[in-house]
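Using the hints, put the two standalone chains together into the complex.
So the protein lines, in turn, are chains A and B.
Numbering of the first sequence is given in the numbering used here, commencing with residue 1 and proceeding in unit increments.
Numbering of the second sequence is given in the numbering used here, commencing with residue 1 and proceeding in unit increments.
Since the hints were made in silico from the structure, they are not lab data.
Among the hints, erroneous ones may be present.
No farther apart than 35 Å at their CA atoms in a straight line, the calculated lysine-lysine pairs in the DSBU-like style are these [said to hold, decoys possible]: (1) A:Lys-228 <-> A:Lys-25; (2) A:Lys-25 <-> B:Lys-48; (3) A:Lys-18 <-> A:Lys-5; (4) A:Lys-11 <-> B:Lys-73; (5) B:Lys-159 <-> A:Lys-25; (6) B:Lys-100 <-> B:Lys-159; (7) A:Lys-18 <-> B:Lys-154; (8) A:Lys-89 <-> A:Lys-221.
Given the structure is predicted, the values throughout are model-derived calculations rather than measurements.
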Amino acid sequence: MSDQKLANCIKNSLTQKKSKEEIYKELLNQGYGIDAIQENFNVIVSEEVKEDVSKKTIQIIVLIGAILIGAGIFSFIAANWQEMTSSIKIFIIIIAMLISYIVGWYLKEKMNLSKIGEALILLGAIIYGAGIFLIAQMFHIRANWPDGFILWMIGVIIIALAMESYPLFYLSIPLGIVAIIGHPFGIFTSLEFNSFILTSSFLLFIATIITFITGWLIHKKIPPELKKFY
Amino acid sequence: MEYLFYFLRFLIWPIIIIGLIIFFIARRGKKKHPSQDKEWYLSFALSKEDAVSQLFLLLSFFFLGVTLLAFNKDLGDPLSWCTVLFITSVVGLIGAYYFKTVYVLAFSLIGITNWWGAQASEWLQNKDIKTSAICVGLAFIALLFYALGRLHEKEIKFKRFALVFLVFGIIAITGALFFFSTKLGLGILGGMTKGESIFGSWQITLSLFILIVSIISVTLYSTGKKLISFFELIAVFTFTTLFSIIALLPEQNMFIQTNKLSGNGILWAIIFNLTIFLELLGLIFSGYLRKEEWLINLSAFFLFLLIIVKYSDWFFTFLDKSIFFIGAGILLFVVGWFMEKGRRYMLIEIKSKSEQISQ
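Bound-form chain B, shown alone (with noise of 0.2 Å):
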C-alpha cells in the first residue's frame, strides 16, 4: 500500500503538467475571433500566421543557442556553455519585444532563469556557503516576474507577455512554497542552510542585492500606476522578506531522528502550510477583485491539489487505511461542493459586474 501511496505522490507533476494542457487545449476549442474575445491574451497564438511565425522564430533563437555552441567548440570552447546560454536568452529576449512572440519570451525568460541558477552554482563551486543562495535568488526572480507581469498589462499589447511573467511567477512561488512545506522540502532546506554566510561571495551577495532591488521598484512603480492592488504589493513584500530570512538563516536541524521533525522543522513546517495556504486564497480573491477568471481558475486547481497531498501527507501513516481512504473520499465531496459553488459565485459576480458596467 505504501508503494502505491509513493507511487501515487511521484505522479502528482505529470498529473499537473497534463492538466495544464488539457486546459489549454479545453480553451482553444471555444476559442473566438480575437476582436470579439475578452480573453484572447489566453489564446497561444491569435491566428494560423501567428502560430507559425512564432514557432519559426522560437527555431530561429533555438539555431542561434546550438550555432553558437557548435562554433565554441569549433574554436575551442573559449566561452562556457552558461555564457552561450545567456547570450542566446538575451537576444532572445530582445527579438520577444520586437516582434512580440510569447513562445520565445517564455523560452527566454527560463534560459535566463537556468543561467542565473547555474552561474550561482558556479560561484559556490569549491567555497562552503549556503547554498539556500541559489534557492532564493531563484526565488527573487520568481516574484519579479510577477511584478513585472503587472507592470506588462499596462498596454494591450503587452497582454501576452504580461501573462507568461504571471503565471512564470506563481507557478514557481506556489511550486517552491509547496515542496518546503513537506517533510523532504524540509530536509533540504535545513541541507541547504548549512555552510558560511551567503556574504563570503561578492557575486551571490550582489545578485541578490539587484534582484530585491528590482522587486521593491518594480513592485511601488506599478503600484503607483495603480496596476498592483495595496493587497499584492503586501504579499509581494511579504514573499520577498520570508526569502530573504532564508537566504541568511543560520544552520537549522529540521529533524531530531530520521523521520520526526524537530522544534524548529515545526516552526518551518507551519510557516510554509501557512504560507502557501494563504498564498493561494489571495490568489482566488485577487483573481475576484480583478475579475480574472483564469487566475481564479488556476489558483483553485492548486489549492484544490494542496488539500488533498497534505491530507495524504499528514493522516497517511497513522490513520487507519479504510478511514484514511473514507476521509479522502469525503474529503474530495466537500472539496468539490466548495470549489464548485465558490468558484462558479466568483464568476457569476463578476460576469454580473462586468454587464453592468458595459450598460
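Pulled out of the complex, with its shape left as it was, chain A reads as follows (with noise of 0.2 Å):
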C-alpha cells in the first residue's frame, strides 16, 4: 500500500527536480524502509507515463483535427475560387486566420485547453501561410517565391514569441530552411534583364535579424541549472 504523505513527499521532491539518490538519502533519513520508498517510486513514475501518454494523444488527435479542418476549408475554397470575388477571397481568408487565432488563444489561455488551443492556432499560422500565397497569386505580386516563405516564418515567430508556443517555433524553422534552401537558386540564375529583385535582399537582411533575435530571447530562457554547462 503507498502512503499518502510518502508520496506527497516524492512528488515534491521530483518537482523540485532532485535527483532520485537524493531523495532516497531525505527519505531513508526520515525513517521509511526502501521497499516503501520503492513502491511509491514505481506507483508515482507509472502515473507520470500513464498522464504523459494520455497528453500526447490529445495533441495527436487534435493536431490532425487542425490540419483536417485546414484542408476541408482550402478544398472548398479551391473549388469556388474562380466564382468568387477577390474582396469576399481576402476576407474569407482574413476571418478564417483571425477565428482560429481568437478561439485558439481562448481556449489556451482562458479555459486553460492548452493542446487544443495550440492547435487551433497551429492552424491559424497555416491560413495565414496560404493566405500569403493566395494574395501574390491573386494580385499577381512580382516577387521571388521564398520571400512567401520568409513571410510566412516571420509572421509565424511574431505570433509563437507572443503565445511563447513552441509548435509555432518548430513550424517556423522549416519555413526558413525552405527560403533558405530556395533564395541561393535565384540568386545565381537570374540574369541581366531578369535581375535578382532588390525587396527580397532587404527581407532577407529582416529575416537574417528576426532569427537571431528569436534565438537570442530563447537562448535566455535555458534553465538557471544548466547554465554551468554554457
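The structure is reproduced here in C-alpha cells:
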C-alpha cells in the first residue's frame, strides 16, 4: 500500500528536480523503509507515464483535427475560387485566420485547454501562410517565391513569441530552411534582364535580424540549472 | 554479381551516415537530465530551449550568408561567393563561441574548411601545380581540429565544442586514409602528384606552413596542459609528417597497367592500409585510456567497416564466389565475436574503474 504522505514527499522532491539518490537519502533519514520508498516511486512514475501518454494522444488527435479542418477549408475555397470576387477571397482568408487565432488563444489562456488551443493557433498560422501565397497569386505580385516563406516565417515567429508556443517555433524552422535553400537558386540563376529583386535582399536582411533575436531570446530562457554548461 | 558488388560498395557511405544518425537517435532515447548524466555533452541539445535557440541562431547565420549573397548580386558582384562564405563562417564562429551553440559551430567549421578548399583550387587555377596540396591542406585542417578538440576539453562549458572538433577531425582523417587505401584512391593520389612543386604558389605554401605551425603549437600546448597523451602527440605528428611527405612527393605512377599496382603503388597501399588499421586500433586504445565510451564505439564501428570493405576489396576478384561469401560470413562472426567481447570488456573496465574512483 502506498503511503499518501510519503507519495506527496516524493512528488514535491521531484518537482524540485532533486535526483533519485538525493530523494532516497532524505527519506531514509526520515525513517521510511526502502521497500516503501521504492513502491511509491513506482506508483508515481507509472502515473506520470500514463498522464504523458494521455496528453500526447490528445495532442495528436487535435493536431490531426486542425490539419483536416485546414485541408477542408482550402479544398472548399479551391473548388469555388473562380466564382468568388477578390474582396470575398481576402475576407474569407482573414476571417478564417482571425477566428482560429482568437478561439485558440481563448481556449489556451482562458479555459486552460492548452493542447486544443495550440492546435487552433497552429491552424491560424497555416491559414496565414496559405493566405500569403493566395494573395500573391490573386494580384500577380512580382516577387521571388521564397519571399513568401520568409513572410510566413516572420509572422509565425511573432505569434510564437507572443504566445510562447513551441509548436509555432517548430513550424517556423522548416519555413526558414525552405527560404534559405530556395533563394540561392534565384540569386545564381538571375540574369541581367531578370535581375534578383532588391526587396528580397531587404527581406532576407530582416529575416536575419528576426531569427537572430528569436534565438537570443530563447537562449535567455534556458533553465538556470543548465547555465553551468554554457 | 559484379554489379551487385559495386552497388553494395556505392551504398557504404549512405549506410555510414544513416548508422551515425541511428546511433545518436538511439542515444537520445535513453537521455537523462544533463546534471545527472556523466556523458551530457553527447546530447544534441540539453533542453527544449537549447535546441530551439540553437536552431534559430543557425537559421540567422544561414540567412546572413544568403543576405550577403543577395546584396552582392544587387551591387554587381563585387565579392566572390568564396569571400561571402568566409565572412559568414567567421561571423558564425564568433556567434558560436558567444552563445556556445554547437550547431552553428559545426556548420561554421564546415564553411571555413570549404572556403579554404575552394580558395586553394582558385589559387591553383591556370598553374600546373600538384593538386595534392589541396588534399594535404584539408588533412592538416582535420588534424588541427583534433588537436583543438582536445584543447577545448579543458573547460566544462566547451565539452560539446570539443566533441564537434574531435568528431570532425577523426571522421575526416579516417575517411581520407580509407579512401587512399583503395585502388581508386591510389589512382587519384597518383594523378594529384603530377605537376610542379607546391612552392610555385606562395598562397598554398603559406597556408600549409601556417597550418603545420598551428598543429604543432596547439598539440604541444595541449600536451603541456596534460590534455593530450604522449601517445596521441606521436600520432598527430606522424600523420602531419605523412601528409607533408604526400605534399612534397614527386610524380607517382601507381599502376603499371589499368588495374595492376606498380612498385610505388604497392608501397603506398601498404602504408595507407597499415596506417588506417593502426589509427583505428589507436583510437580504441585512446578511448579505453580516456574512459570515453563514444570513442570506443565510433572506432569499433569504423574498424568493422574497414575489415568488411578490405575483405571484399582484396578477395572478391580472385576467390571463388561461394568461398568468398562463406569466408565473409565467417569473418563477420569472428569480427562480431571479438568486437562484442573486446568492447564489452573495455566498457566494463571503464565502469568499474569510475565506480572505484567515486567510492
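Consistency of the hints with the structure:
For the given pair, Lys-228 (chain A) sits about 25 Å from Lys-25 (chain A) by alpha-carbon distance, which is consistent with the 35 Å threshold. The hinted pair formed by Lys-25 (chain A) and Lys-48 (chain B) meets the criterion: a straight-line CA distance of about 30 Å does not exceed 35 Å. A distance of roughly 18 Å separates the Cα atoms of Lys-18 (chain A) and Lys-5 (chain A); the hinted pair therefore holds under the 35 Å criterion. A C-alpha spacing of about 60 Å is found between Lys-11 (chain A) and Lys-73 (chain B), which places the hinted pair above 35 Å, so the restraint is violated.
Under the criterion of a C-alpha separation no larger than 35 Å, the hint pairing Lys-159 (chain B) with Lys-25 (chain A) is consistent with the structure, at around 31 Å. Restraint check for Lys-100 (chain B) and Lys-159 (chain B): satisfied, since their Cα atoms lie roughly 10 Å apart, inside the 35 Å limit. Between the alpha carbons of Lys-18 (chain A) and Lys-154 (chain B) the distance comes to roughly 28 Å, so the proposed pair stays at or under 35 Å and holds. Restraint check for Lys-89 (chain A) and Lys-221 (chain A): the C-alpha separation of about 40 Å exceeds 35 Å, so the hint is violated.
Checked against the numbered hints given earlier, the structure breaks hints 4 and 8 and satisfies all the rest.
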